[in-house]
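*Asks:* What follows is the residue order along each chain.
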Amino acid sequence: MSERIREKLNILADAAKYDVSCSSSGGTRKNDNKGIGNSHTSGICHTYTEDGRCVSLLKILLTNHCIFDCAFCVSRKSNDIERAAFTVEEVVSLTMNFYRRNYIEGLFLSSGIFKNADFTMERLLRVVKKLRLEERFNGYIHLKTIPGASEDMIMEAGLYADRMSINLEMPTESGLKLLAPEKSHGDVIKPLGFVQNQIIRLKDEKKLIKSVPKFVPAGQSTQMVIGATPETDKEIMQTAASFYKDFSLKRVYYSGYIPISNDNRLPMIGTQPPLIRENRLYQTDWLMRFYGFHVNELLNDANPHLDIDIDPKLSWALRNLQFFPVDINVAAYKMILRIPGIGVTSAQKIIQARKFGKLRIDQLKKIGVAYNRAKFFIKCADTPYQLKDYQNTQIKSFILADSQSKYIKNDVQQLVMF
Amino acid sequence: MLLKLSKNFEPDAFEELLFVHNDPAKADRVWKGLQKKLDGKWMRMFYCTFLSEQPEAYVSLFEFTCYLFLNEKGAEQNYGNEHVLAIAQTARKVEREKHRMEAFIRFKHAADGMFYCGIDPDFNVIPLIMKHFKDRYADQKWLIYDLKRHYGIFYDLENVEEVYLTEEDQQRLNGLSKELVAEKEGMYADLWVNYFKSTNIVARKNMKLHTRHVPKRYWKYLTEKQGN
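Chains as they are written, first to last, in the working numbering: chain A, 1 to 418; chain B, 1 to 228.
For reference, chain B alone in the conformation it holds in the complex (with noise of 0.2 Å):
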């Protein structure tokens, strides 16, 4: 049996096929099912699981679901069964986006006072670094947007909202033109490059070693790497 989105359903002749209508109060129902068997550790890497968006990992889940409910309470610490690694191997590499996304974030100050940056990242993470940010810069209006999702979190300096930009805001937030930057953001981005070149060892060069931690395709967020 495979448990398919309908966006990722593509009809196969061998097969019986069933539509599952979504009901939030089913769903509530299993979730605190989920809640009495999983400690909060458990429950967030279910929950990073299906912010993974993978095909694969909705159907981990449904299986794990399943699994959890026909055993003994601890049947998720069993790393033998294939579900259970699946959703811990999952949710380890939701968390390494999430770990990425905090710290290869580069806010540009806007004219205006505000703090942006656009982010595409590979797994749905808006929703797990929301606190980071709110707790950190928590004197500063901030704007980490989504463009390949299309939302993003704004922080008005009390509390973080959801928004949607038009296709033309987004665009003129991404470019980020002249008139619309903060008068000494060039200043900045310039005094961050030259300190990035004047901390690197030459004599250690490791480009290898570079590109693992910094994987070319984050390049595109990384002020000191522009330019590159």
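With the rest of the complex left out, here is chain A (with noise of 0.2 Å):
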């Protein structure tokens, strides 16, 4: 018996792995039942894979049979490969033998969609439902809402999952109908703003009773697939910024496009995955979220593509070189945090450190500011005095010169002597 569940096991987890959102914060639940399990407020990533990717939860489709035919997607109907399902008492038993050893934060469980969108969400909701009621698992669920699916079971879905996700494939509509012809992404923005809207619902009724059930707590997420599709850096990002705004979503994930096909249509296999350009897509989010960028600032019509070499935040800097040097003893948090080579972190200790006299060089660099990026754009205590300007080629060719790049590295082969 467990020869088979291993095969399963292998077979989906291989399907679900394109999948690469794995977080498991910004649940609430509590093991109040004395039951087993809990939300950890930032989440456990319990372990890495040898990609370097986090695995925080037991990630798996339910089963990869499927009734569409995407040409970017593994499970394709007409992709000659092995299909296999799970019943749901074998991923119930999964998911809490994992979770009891503490493998695991929970469970993300997807699916191809076999005979119908309702049938396959049915199936999904047994899953949780059995976890939550019968095991009395507390733990994390990240549960993908199936398109097409009937608002009632999406409904009564969320009151068991802690996140439910849906994904838009392609960023863009043009993309996606190139790809996948009987999808839109109409069909991923009707269940979005369901869900979206019975949150906000939900919210303002517990204002008024206290005993408002739980509905997706942990918010919702969505992913794009990039470098299948010749959008650029502005188009991906522009939809990220208006998807986040739109559905007030937690995450938007950029999947870097690994060739699993040999239609024409999609890179041959063999390409390398854009491995740079997803990171600069990921660091431009963050600048969004966390640094109070505008894309339109960091991406516009003069710059549609990332800086391969360089991270959008020093690209960006190199562009405005008007508003520096910025003076870190008087000015604003949201322009310290504008500055190259400093984090939030930093930046607040600086607005925290200053109350008791100006910084000098050498605290900038113990409070953790990567000060030989940073030095180019700022004024402390004692700043040596600068005869000339440098041009913004200048600077980055020093900072260039100084830093080695994580993706040279991997990309230079050691010569073989012998």
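Be aware that a few hints might be false.
Pairwise CB distance ranges, derived in the manner of DEER restraints [to be verified]:
(1) Lys207(A) x Arg44(B): 26 to 34 Å
(2) Val202(B) x Asp118(A): 31 to 39 Å
(3) Phe398(A) x Lys205(B): 47 to 55 Å
(4) Asp389(A) x Lys7(B): 39 to 47 Å
When the alpha-carbon atoms are kept at most 25 Å apart in a straight line, the in silico BS3-like pairs for lysine-lysine are as follows [what the hints assert, rightly or not]:
(5) Lys129(A) x Lys34(A)
(6) Lys34(A) x Lys98(B)
(7) Lys355(A) x Lys37(B)
(8) Lys93(B) x Lys131(B)
(9) Lys93(B) x Lys4(B)
(10) Lys355(A) x Lys36(B)
(11) Lys30(A) x Lys98(B)
(12) Lys34(A) x Lys134(B)
(13) Lys30(A) x Lys177(A)
(14) Lys98(B) x Lys366(A)
(15) Lys93(B) x Lys41(B)
(16) Lys129(A) x Lys203(A)
(17) Lys214(A) x Lys130(A)
(18) Lys184(B) x Lys130(A)
(19) Lys134(B) x Lys220(B)
(20) Lys73(B) x Lys366(A)
(21) Lys141(B) x Lys131(B)
(22) Lys148(B) x Lys134(B)
(23) Lys134(B) x Lys130(A)
(24) Lys73(B) x Lys358(A)
(25) Lys134(B) x Lys214(A)
(26) Lys131(B) x Lys214(A)
(27) Lys41(B) x Lys366(A)
(28) Lys197(B) x Lys225(B)
(29) Lys366(A) x Lys93(B)
(30) Lys366(A) x Lys334(A)
(31) Lys37(B) x Lys358(A)
(32) Lys30(A) x Lys220(B)
(33) Lys130(A) x Lys141(B)
(34) Lys30(A) x Lys131(B)
(35) Lys355(A) x Lys197(B)
(36) Lys93(B) x Lys365(A)
(37) Lys214(A) x Lys34(A)
(38) Lys34(A) x Lys131(B)
If you're looking for bench data, these hints aren't it; they were derived computationally from the structure. All values derive from a computational prediction rather than experimental measurement. For every residue, glycine included, the Cβ atom is placed at its ideal position computed from N, Cα and C.
Now that you have both chains on their own, put them together as the hints suggest.
*Replies:* Here it is, written out as structure tokens:
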């Protein structure tokens, strides 16, 4: 029996791994029924795979049988691969046994669409209900919303799941139509909007009635595949920004396309996944969410693509030298946040520390500022007097000469001598 | 001036020596004084720094305490002060180790129903992880044992208590031989190793990133890293 479970687990974990979301944060569930499990506010990554991605949840498909034929998806109908399906009991028992050994924070359950949307959603719902009601499991559950499932069913799922997500797949409607003619962004927007409205409605009710049940307490997220279709970074991030705004998403994930098909609409098998680009998009995402940047400051018609050799914050600073140097002993917090080489933690420490006297270079270094990068953009108590201003190209070359990109090291092949 | 624990003490011909006696009443007075000056977040940072067991950290705590009592309320926000910064940074390291233990502990299911894990963390974090495991694993008995500091915590479905094992018991648990382990322990450990392999994307292999997140010294804890 365990041999068959192992086979299924291998197939259905392998098929689920292209969904990059693994966050277990934002949950508020407590273990107050003396059952098992609770949410950890910031989430816990229990291990990391050899590709450096975190493993927090048991991420599996209920089945990889699917009626759709989306060109970018490994489980597409026309793909000749081994198919499998878990029973409800199997998923529950794997989750419970992994959780009890502290392997995972919870379950990420997705599925191929078999028969139809409601039939699939109903199965997913049975798994989460069994976990919550019979096993008294209070760990984290991330559940996929199946596009086209009835609102009743989505509503019920939201009462048991901590996070729900539904993937945009391609950053633009035209890209999606090219690779998955049966799908549209509208199929995603409708359920995202429905869940969002229910979250708001129940939050409002909670102000009046205390006993309102939890509903998707960790919010919603989505994912876009990057590099399968020819979108610009500007298009990708504008889509992301509008989804953050319209649906109060907790996260947008960017997944560099890994070639899995000989389809001539897609990059060839063996093409390197666009890892640097993916990294730059995440940096941009962070700048939008935590550093007060508007998407148009970072990406616009004059700059539709992010620089590959430098990060987007440095890139913005070099294009806007008129704002620098910033005097860190007087500048506002939001301006300090914009200095390359200073992160949120250092910026906060600077604001507190400068109340006690003007800060010097050695103090900034100790606080954690990347001084070799920041020095071109700041003034502090003992900044040496400088006769001429540098051009942005000069600053860029100084910084590049001084830093070693993690990507360059990965790219250079070791010379084999013998 | 240098503050040292007697176990770390080495005589120095040129220094004057003063032996400080442990006095719980005085310690309590200082602790209460600190509470008047510091909020909960800072009291925890103070405690974490203490748990780091680093000789330099004890000096920082002493200097920091003097600095606090000599200055107006709010002096702990002066990150330009080396002792303030040292405490903030040490506490952060300890919290990171605490978080790593919450992540990397792997329980083995023993035949008598108890879940067991032995650890040897860089810092003395057991007092910090106790609440997390008690809240989370409320319906199973478990034991977490610090093999380096020779004490552990045991949860009996009601309370958590400190336990001390004999050398013999420690070794028995650590090996957790076949007859002591629950029937399906091997199967689930094996399924987990399989899952760990299947969920990896070979085309994205990045061992540098992998070892940055899971430093090699923790691999011995991890079921999924055994047999590598």
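*Asks:* Evaluate each hint against the coordinates.
*Replies:* Hints and how they fare:
no.	hint	verdict
1	Lys207(A) x Arg44(B): 26 to 34 Å	holds (32 Å)
2	Val202(B) x Asp118(A): 31 to 39 Å	holds (36 Å)
3	Phe398(A) x Lys205(B): 47 to 55 Å	violated (33 Å)
4	Asp389(A) x Lys7(B): 39 to 47 Å	violated (57 Å)
5	Lys129(A) x Lys34(A)	holds (17 Å)
6	Lys34(A) x Lys98(B)	holds (24 Å)
7	Lys355(A) x Lys37(B)	holds (18 Å)
8	Lys93(B) x Lys131(B)	holds (19 Å)
9	Lys93(B) x Lys4(B)	holds (21 Å)
10	Lys355(A) x Lys36(B)	holds (21 Å)
11	Lys30(A) x Lys98(B)	holds (20 Å)
12	Lys34(A) x Lys134(B)	holds (10 Å)
13	Lys30(A) x Lys177(A)	violated (43 Å)
14	Lys98(B) x Lys366(A)	holds (24 Å)
15	Lys93(B) x Lys41(B)	holds (15 Å)
16	Lys129(A) x Lys203(A)	holds (22 Å)
17	Lys214(A) x Lys130(A)	holds (17 Å)
18	Lys184(B) x Lys130(A)	holds (22 Å)
19	Lys134(B) x Lys220(B)	holds (24 Å)
20	Lys73(B) x Lys366(A)	holds (23 Å)
21	Lys141(B) x Lys131(B)	holds (14 Å)
22	Lys148(B) x Lys134(B)	holds (22 Å)
23	Lys134(B) x Lys130(A)	holds (24 Å)
24	Lys73(B) x Lys358(A)	holds (20 Å)
25	Lys134(B) x Lys214(A)	holds (23 Å)
26	Lys131(B) x Lys214(A)	holds (24 Å)
27	Lys41(B) x Lys366(A)	holds (21 Å)
28	Lys197(B) x Lys225(B)	holds (10 Å)
29	Lys366(A) x Lys93(B)	holds (15 Å)
30	Lys366(A) x Lys334(A)	holds (21 Å)
31	Lys37(B) x Lys358(A)	holds (24 Å)
32	Lys30(A) x Lys220(B)	violated (31 Å)
33	Lys130(A) x Lys141(B)	holds (23 Å)
34	Lys30(A) x Lys131(B)	holds (13 Å)
35	Lys355(A) x Lys197(B)	violated (52 Å)
36	Lys93(B) x Lys365(A)	holds (18 Å)
37	Lys214(A) x Lys34(A)	holds (18 Å)
38	Lys34(A) x Lys131(B)	holds (14 Å)
In summary, the structure is inconsistent with hints 3, 4, 13, 32, 35 from the numbered list given earlier, while agreeing with the others.
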